[in-house]
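As a plain string of letters, each chain reads:
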Amino acid sequence: GAVVSQHPSRVICKSGTSVKIECRSLDFQATTMFWYRQFPKQSLMLMATSNEGSKATYEQGVEKDKFLINHASLTLSTLTVTSAHPEDSSFYICSAKGQGRTLHFGNGTRLTVT
Amino acid sequence: DQQVKQNSPSLSVQEGRISILNCDYTNSMFDYFLWYKKYPAEGPTFLISISSIKDKNEDGRFTVFLNKSAKHLSLHIVPSQPGDSAVYFCAASVAGTASKLTFGTGTRLQVTL
Numbered sequence: 001g002a003v004v005s006q007h008p009s010r011v012i013c014k015s016g017t018s019v020k021i022e023c024r025s026l027d028f029q030a031t032t033m034f035w036y037r038q039f040p041k042q043s044l045m046l047m048a049t050s051n052e053g054s055k056a057t058y059e060q061g062v063e064k065d066k067f068l069i070n071h072a073s074l075t076l077s078t079l080t081v082t083s084a085h086p087e088d089s090s091f092y093i094c095s096a097k098g099q100g101r102t103l104h105f106g107n108g109t110r111l112t113v114t
Numbered sequence: 115d116q117q118v119k120q121n122s123p124s125l126s127v128q129e130g131r132i133s134i135l136n137c138d139y140t141n142s143m144f145d146y147f148l149w150y151k152k153y154p155a156e157g158p159t160f161l162i163s164i165s166s167i168k169d170k171n172e173d174g175r176f177t178v179f180l181n182k183s184a185k186h187l188s189l190h191i192v193p194s195q196p197g198d199s200a201v202y203f204c205a206a207s208v209a210g211t212a213s214k215l216t217f218g219t220g221t222r223l224q225v226t227l
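These protein sequences, in sequence, are chains H and D. Position 59 (the first sequence) corresponds to 59 in my numbering; numbering is contiguous. Throughout, my numbering is defined as the position within the second sequence, counted from one, plus 114.
Treat the hints as calculated values from the structure; they're not laboratory data. Treat the hints with care, since some could be wrong.
[Claimed, not checked] Only pairs whose alpha carbons sit at most 25 Å apart, straight line, appear in this in silico DSS-like list of lysine-lysine: (1) H:K55 to H:K66; (2) D:K119 to D:K168; (3) D:K214 to D:K119; (4) H:K55 to H:K14; (5) H:K41 to D:K170; (6) H:K55 to D:K214; (7) D:K151 to D:K168; (8) H:K14 to H:K64; (9) D:K170 to H:K64; (10) H:K64 to H:K20; (11) D:K182 to D:K170; (12) H:K41 to D:K214; (13) D:K214 to D:K151; (14) H:K20 to D:K214; (15) D:K168 to D:K214; (16) D:K170 to D:K214; (17) D:K151 to D:K170; (18) H:K66 to H:K41; (19) D:K151 to H:K41; (20) D:K214 to D:K182; (21) H:K66 to D:K214.
[What the hints assert, rightly or not] Computed footprint of chain D on chain H, listed as stretches where at least three residues anywhere in the stretch have a Cβ under 8 Å from a Cβ of chain D: (22) 42–52; (23) 104–112.
Owing to the predicted nature of the structure, the values given are computational and were not obtained by experimental measurement. Quick reminder that beta carbons are idealized off the backbone N, C-alpha and C, glycines included.
Can you make the complete structure from the sequences, with help from the hints?
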């Protein structure tokens with residue numbers, strides 16, 4: 001089945017620094033990937049749609065200058081949290097479209113900003 | 115505006131019995147629905163899906179029912195097993211949106227011995 005790899009699985013950084021999270025589709029090409037965020041005991045909230053070779057589309061309320069998305073190839077999308085603050089601490093999950101209309105998810109990245 | 119709702123935050127079922135997880139939606143444009151299972155600190159794992167042209171889809175122990183007129187879907191797991199204990203999310207998408215999913219709030223299923 002479709003496999004999506006996300007790295008790192010957890011990261012701790014200091015306030016004001018930037019963190020990059022990678023999302024790779026391992027056995028299929030993904031022209032579109034999605035980035036979600038999950039707060040404790042809450043639902044997955046879509047942050048942005050990552051489009052290969054073009055600009056990402058951000059959901060309302062998501063700062064595009066803070067959450068930089070790059071989708072430079074058909075198998076790799078990156079999310080960079082710039083100038084991270086403690087309120088950015090969360091669980092970030094990427095997904096890619098596999099066969100049909102099913103999205104397959106990476107294992108997520110737990111970001112803790114101290 | 116929560117377009118996909120799971121009104122039961124938790125459910126406890128005995129091993130071997132049926133688990134029924136419910137989901138309601140408000141957006142009539144949704145035409146494809148999915149159920150995902152999620153463990154803490156992991157990404158969601160796809161379980162089963164259903165298109166709006168169907169009212170039932172079955173895969174092993176998992177069956178999803180869709181009632182379009184009521185904007186309601188449910189996931190039945192039978193028989194329930196301890197390994198099914200997890201958080202279950204329903205999700206929906208609109209045709210032509212490249213599978214962009216809107217998730218429900220999740221239901222934590224606990225299967226007891």
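- Please write out, lowest number first, the hints stated earlier that are contradicted by the structure. 4, 5, 9
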